[in-house]
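Protein chains in written order, with our numbering: chain F, 19 to 414; chain Y, 19 to 414; chain U, 19 to 414; chain R, 19 to 414.
Please note that a few of the clues may not be correct.
One copy or two, either will do: identical chains are not told apart, so a pair holds if it fits within one copy or between any two.
To be verified - Keeping only pairs whose Cα atoms sit at most 25 Å apart, straight-line, the calculated SDA-like set for lysine to any residue is: (1) Lys-65 to Gly-328; (2) Lys-118 to Arg-285; (3) Lys-118 to His-236; (4) Lys-118 to Asp-252; (5) Lys-65 to Ala-383; (6) Lys-118 to Glu-233.
Quick caveat, the hints were computed from the structure, so don't treat them as lab data.
There are 4 protein chains.
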Amino acid sequence: MPTQNPVFIPGPTNVPDRLRHAMDMQTVDHRAPDFERQFVPLLQSLKSIFGTTSGEVFLFPSTGTGGWEAAVTNTLSPGDEVLAGRYGMFSHRWIELCRKQGLYVHAVQADWGDGVPVDEYERILAADTGHRIKAVLACHNETATGVTSDIAAVRRALDAAEHPAMLFVDGVSSIASMDFRMDDWGVDVAVTGSQKGLMLSPGLAIIAVSPQALEACHSSGCTRSYFDILAMRDANRAGSFPYTPPTGLIRGLRESMSMLSAEGLPRVFARHRRIAEGVRRAVGAWGLSLCAKRPELYSNTVSAIEVPRGFDSGVLVRHAYEHYGVSFGGGLGDVAGRVFRIGHLGDMTDVMALAGLAAAEMAMANLDYPIELGSGVVAAQQYYSATRNHWKQEVA
Amino acid sequence: MPTQNPVFIPGPTNVPDRLRHAMDMQTVDHRAPDFERQFVPLLQSLKSIFGTTSGEVFLFPSTGTGGWEAAVTNTLSPGDEVLAGRYGMFSHRWIELCRKQGLYVHAVQADWGDGVPVDEYERILAADTGHRIKAVLACHNETATGVTSDIAAVRRALDAAEHPAMLFVDGVSSIASMDFRMDDWGVDVAVTGSQKGLMLSPGLAIIAVSPQALEACHSSGCTRSYFDILAMRDANRAGSFPYTPPTGLIRGLRESMSMLSAEGLPRVFARHRRIAEGVRRAVGAWGLSLCAKRPELYSNTVSAIEVPRGFDSGVLVRHAYEHYGVSFGGGLGDVAGRVFRIGHLGDMTDVMALAGLAAAEMAMANLDYPIELGSGVVAAQQYYSATRNHWKQEVA
Amino acid sequence: MPTQNPVFIPGPTNVPDRLRHAMDMQTVDHRAPDFERQFVPLLQSLKSIFGTTSGEVFLFPSTGTGGWEAAVTNTLSPGDEVLAGRYGMFSHRWIELCRKQGLYVHAVQADWGDGVPVDEYERILAADTGHRIKAVLACHNETATGVTSDIAAVRRALDAAEHPAMLFVDGVSSIASMDFRMDDWGVDVAVTGSQKGLMLSPGLAIIAVSPQALEACHSSGCTRSYFDILAMRDANRAGSFPYTPPTGLIRGLRESMSMLSAEGLPRVFARHRRIAEGVRRAVGAWGLSLCAKRPELYSNTVSAIEVPRGFDSGVLVRHAYEHYGVSFGGGLGDVAGRVFRIGHLGDMTDVMALAGLAAAEMAMANLDYPIELGSGVVAAQQYYSATRNHWKQEVA
Amino acid sequence: MPTQNPVFIPGPTNVPDRLRHAMDMQTVDHRAPDFERQFVPLLQSLKSIFGTTSGEVFLFPSTGTGGWEAAVTNTLSPGDEVLAGRYGMFSHRWIELCRKQGLYVHAVQADWGDGVPVDEYERILAADTGHRIKAVLACHNETATGVTSDIAAVRRALDAAEHPAMLFVDGVSSIASMDFRMDDWGVDVAVTGSQKGLMLSPGLAIIAVSPQALEACHSSGCTRSYFDILAMRDANRAGSFPYTPPTGLIRGLRESMSMLSAEGLPRVFARHRRIAEGVRRAVGAWGLSLCAKRPELYSNTVSAIEVPRGFDSGVLVRHAYEHYGVSFGGGLGDVAGRVFRIGHLGDMTDVMALAGLAAAEMAMANLDYPIELGSGVVAAQQYYSATRNHWKQEVA
């Protein structure tokens with residue numbers, strides 16, 4: 019059976035050949051001078067995707083979850099209070115992780131489909147006159163619901179409350195695909211991974227840490243060893259790693275940054291916006307709704323689509339996989355069975371997106387969804403064909 | 019710019035990862051015993067795609083053109099007469115090649131879009147009571163026009179005329195994707211290449227030769243050296259090659275045969291038929307016509323589509339490439355500017371075909387073709403979604 | 019400059035093409051049924067390299083260090099006492115990790131070059147009548163010194179003292195290259211990684227956990243989240259992962275196990291023993307000594323070689339890299355500057371080992387070491403050529 | 019069983035990862051503008067390895083044999099006389115090919131181990147006052163005997179005789195590894211392949227053709243179609259190919275030229291000279307002789323070594339393969355059983371060469387050759403270690 023269909027899961031994303039070749043290397047000596055010569059500039063170049071000049075970047079062989087753990091265990095102490103919103107599976111999991119680490123989490127519940135609850139954050143922060151809250155957590159792009167939150171607004175809430183808490187942001191499915199402005203937004207730790215906008219295999223948590231957060235590492239009381247930022251920093255400064263580095267992924271990361279730089283980050287972001295908008299036009303034509311409640315929350319990397327009442331999105335996802343060999347994301351947690359997700363980040367073209375929409379339509383039609391076969395595809399085609407020049411100008 | 023779109027040219031076709039890995043090998047010693055152990059069974063297994071048990075298979079590092087040359091230079095002598103139809107660019111080129119080799123060709127002109135002119139063949143053969151015609155040429159699947167001809171009918175014409183001429187068939191874009199019955203049809207030399215239904219890189223001509231044609235090799239007067247079948251046969255019998263064999267392609271060929279065998283050739287053919295029919299439904303929905311004149315001529319590996327009067331298919335192909343990064347075949351020779359071609363052979367899925375159709379539609383719409391955007395995609399979606407079970411049963 | 023020389027570092031090891039191809043895959047959906055179908059049997063098959071039937075295997079995307087952390091944080095509580103020997107850089111680091119995790123470590127110092135101090139262990143365990151020591155740590159193969167310790171003896175020490183402490187073993191550079199008998203030796207957690215005997219890229223810690231240790235996970239007081247064994251186990255039982263799995267490494271691991279199984283573990287071990295013995299013959303011919311103090315400590319995966327007084331092994335390693343493009347391991351920690359290491363594990367042949375020995379000799383000669391050029395190579399050649407049949411019988 | 023040993027056959031040579039990745043590409047459209055943009059400059063850049071500015075380069079998907087055929091069939095007519103020396107298997111085969119093509123060959127026999135018989139050439143040319151000889155053939159590097167001939171001397175012979183014959187040179191195993199000066203030497207057609215100094219997979223004949231030879235193409239009477247230079251030239255000028263081009267090999271060739279250019283051809287040649295000299299030192303230390311009769315004939319890409327009387331080199335080659343997994347070249351034709359060959363061209367290092375020498379020594383010792391184990395390796399080590407700086411200066 020042919021196996022060439024792209025995936026439409028919101029990560030790991032489709033890997034371009036150029037990056038597959040970069041990662042597929044014969045073993046090199048990670049203690050040799052060549053490694054240092056390539057690794058140190060890479061850490062510098064990665065700052066661009068975080069939008070930081072003052073922060074420092076660290077790579078932990080792990081996943082985004084490891085990045086979350088590094089963020090909180092290096093900067094906080096057991097019993098510290100943390101403010102976090104729960105509005106999707108990944109913001110939920112980060113809260114759970116904090117609790118496992120002995121932190122006290124003020125978990126602000128928001129609807130799944132809504133963004134970070136800024137007003138509630140502001141109210142809580144203002145009330146916390148004793149500054150017991152040491153860190154505020156936010157998920158920039160909630161992959162489970164296709165919601166992009168306004169991190170600048172969280173910063174404004176902190177500033178309005180004149181609150182000194184650090185701001186930690188999960189940018190796993192946004193960074194390198196959407197604009198992220200760590201310095202402008204006053205983010206203290208930002209977390210991403212290799213397998214989303216960077217188009218690589220999974221296996222690397224990539225975090226950027228502000229000077230303030232680095233300072234906090236010296237007084238943190240949480241235990242950590244594998245994810246110890248200061249130990250990593252000491253090793254990195256000597257051009258090395260505290261343990262065996264994943265040399266293939268590091269080489270891939272250099273190549274990925276080279277591709278993104280050549281295209282130009284603004285064009286990368288515009289490309290993601292255009293692909294996403296085409297998918298949204300299709301969803302509209304189907305008469306379906308996004309899980310994301312308002313247009314300003316719509317994610318440019320993943321669309322979570324609500325299935326009509328009486329349908330189970332898990333059945334849909336399975337059907338598409340079994341009958342058409344196409345993978346979509348299912349619903350997770352509170353929205354299990356209720357949404358399916360089309361990942362449209364990374365190495366994705368308009369034509370690939372149309373393939374995914376066509377497959378989703380066929381699967382829905384097979385399952386008697388009240389949609390018109392072809393309606394979504396044509397809506398996306400209209401948008402993509404109308405914007406083809408616009409896109410060429412932006413990304414050429 | 020992302021580079022993951024499949025190609026829709028009628029070869030070289032999209033290469034599955036499994037075959038890319040098979041071809042991507044470190045150098046091995048082609049004179050070592052391992053080579054012989056793998057090469058000799060491969061030649062045996064290749065007989066299945068030709069539909070022969072009595073023929074012998076040979077591999078020449080070259081292209082299909084090299085296969086044509088091998089066919090005629092090993093079996094004929096300068097001045098020999100050959101009967102051939104000209105009904106597309108590739109049947110045309112084979113005729114030209116024969117003339118370069120000093121053969122006299124009775125070239126029967128047929129409309130481009132029609133198949134092998136069997137009636138005319140029969141008339142000429144019957145008239146050739148002196149049996150001056152030594153070989154009859156036919157292109158099983160004319161890649162330039164998307165026409166599949168009835169080779170069994172050519173055999174019947176030969177038999178009806180009680181004519182002893184050999185039958186040489188170009189199956190470059192049919193073999194391993196469509197049913198080919200060398201023994202049943204009395205074919206003496208059949209030619210294919212690595213880069214079509216076998217899903218490999220270009221670089222190998224693969225030919226099957228009947229006992230009668232092998233016998234003719236001993237008395238042929240044409241000069242040949244690189245393409246000398248008897249020298250190749252002698253070397254092969256010793257488990258070797260008369261010159262450096264393309265070991266990567268040979269390893270790829272073993273893996274390709276393994277994939278095709280596991281799927282089962284009848285299912286491979288059914289898969290191609292289904293993908294092709296979806297494309298034809300789209301063409302019908304666009305209100306356009308195939309270059310192939312009648313349904314029984316429709317090719318299951320490539321569809322050549324006539325553009326409306328006043329449009330230039332070359333502009334369309336270029337537009338699709340430049341604006342959507344999608345490659346279609348252009349018109350060649352007599353139908354240059356008048357047809358564009360969608361290759362749908364090899365490692366192609368229904369979902370990939372829909373991507374190609376969607377791209378073709380957008381390009382046509384951009385160029386103000388009188389088609390309805392989405393019409394072709396939905397027609398193909400209807401067919402593909404309706405036949406999904408049928409296909410699963412056949413190919414599962 | 020050519021780049022084909024193998025590496026002689028004791029990991030990451032040279033990666034065979036077959037495993038490179040297995041790891042180099044286009045993205046697949048890790049939530050699709052196929053993943054589960056392949057992942058669950060893999061966990062089963064991995065038990066063989068640990069020598070366990072009762073233990074369970076878990077994969078953490080990280081490195082061996084992550085495996086160490088998983089071992090202790092899942093089974094122990096802050097303040098728990100641990101008994102460990104320090105006789106090389108890696109046993110040292112594991113002790114440091116334990117201390118970072120709030121454990122109290124009885125660190126028994128042994129000479130670097132000696133093995134696990136079993137007698138001292140037995141004395142301490144016997145004295146610990148209150149059973150305050152909850153776990154005993156041992157490094158099966160100390161990669162920094164090329165010392166293989168007798169884990170069965172550690173078990174006997176525990177049994178002699180009738181001590182209930184768990185036994186945790188670092189088998190990072192031994193497992194899959196040397197015999198490891200988790201069940202026989204009563205090991206509770208054994209740790210290895212993807213980049214040594216398994217011949218893959220770095221990025222996976224692989225641990226096996228005994229029923230007793232799994233039971234201890236329920237009452238452990240250490241914080242953990244990323245490395246939470248029970249959460250991993252729950253996810254694995256559902257055929258999934260608590261976070262994005264490294265699908266390429268997992269696919270590589272299946273292929274690696276397939277290669278090792280086909281060869282047969284006893285033959286794999288015999289092959290490593292033979293390669294190692296050749297290297298040791300060379301060391302003897304050079305008139306140099308191994309860091310490992312006694313023959314029964316000699317490691318079959320890495321040889322740490324003491325340089326003569328007055329020489330700096332760091333200079334030697336750098337010279338070999340710069341002038342011959344060959345990587346050896348340097349001295350770490352207490353033996354920095356005093357030993358250089360030849361890794362001879364994983365995908366290594368006698369001929370490759372000879373290349374490494376020849377390069378080491380040239381580098382030593384260039385730096386005026388008191389060795390005879392060629393002496394080591396010929397000693398190894400004599401051994402390898404004399405044992406060629408023996409090896410064929412064992413591994414053919 | 020490990021499979022990482024390099025090959026020591028004189029082609030196909032070991033392929034660097036960078037070139038493997040260049041060749042391993044997903045299908046691209048060879049009729050798209052991108053192909054032309056990359057292909058046309060490649061043809062230009064290839065002139066450098068031929069040492070020509072006035073010649074034109076052509077690529078035929080085939081092997082060196084195809085290049086030989088192209089050389090003679092495009093420029094000569096049946097019955098034309100050709101002068102050629104027979105001093106090895108490849109010069110012999112080219113003569114046989116000419117005869118198959120209907121040419122009359124003055125075959126000058128020379129000892130296998132000697133070079134092109136220049137004096138005899140000069141005598142014959144001087145005697146050919148009627149200029150019936152249309153072409154003179156010479157094999158620059160006879161791969162079967164490890165002999166490099168003096169092509170400049172052949173040119174001098176032609177000039178001394180004031181003879182207008184064209185000069186055709188087989189540079190298959192020399193070009194891109196040794197200095198080749200097509201223009202200076204007045205070569206009319208030079209032939210090489212992808213799988214030797216260019217370090218690629220087999221599959222491409224690469225030929226350079228002088229203006230005089232191109233002119234001769236217009237009046238040649240030999241039949242040709244696949245290997246028609248003028249048809250290739252017409253297609254190339256339009257940025258295309260007369261049949262499906264091997265896009266992977268073409269991409270690999272661009273990368274290979276990029277590697278060679280970056281290193282600098284003089285350094286590439288110096289590197290080959292140094293590796294070869296080390297091998298020759300080993301042969302001398304073994305007390306064996308090269309097949310090449312005099313130092314000025316010694317090839318820098320392949321050494322053919324005479325085995326002592328009473329030994330069969332075929333047994334030796336087989337033994338090395340079966341027992342050590344190392345491939346050497348055997349003896350061909352007149353020297354079958356009498357020489358074995360060590361290929362040391364392409365992507366080869368001193369350390370790799372030592373591995374090959376060590377393996378050859380072990381195999382010879384196993385078979386009771388009168389050589390001292392290690393003697394060759396140490397001789398090569400002495401040379402390589404003494405010249406390491408020299409080499410660094412030349413190639414750094």
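Here's how the hints hold up against the structure:
| no. | hint | verdict |
| --- | --- | --- |
| 1 | Lys-65 to Gly-328 | neither (46 Å within a copy, 45 Å between copies) |
| 2 | Lys-118 to Arg-285 | neither (40 Å within a copy, 45 Å between copies) |
| 3 | Lys-118 to His-236 | both (21 Å within a copy, 14 Å between copies) |
| 4 | Lys-118 to Asp-252 | between (27 Å within a copy, 16 Å between copies) |
| 5 | Lys-65 to Ala-383 | neither (45 Å within a copy, 42 Å between copies) |
| 6 | Lys-118 to Glu-233 | both (23 Å within a copy, 19 Å between copies) |
Of the numbered hints stated above, those contradicted by the structure are hints 1, 2, 5, listed in ascending order.
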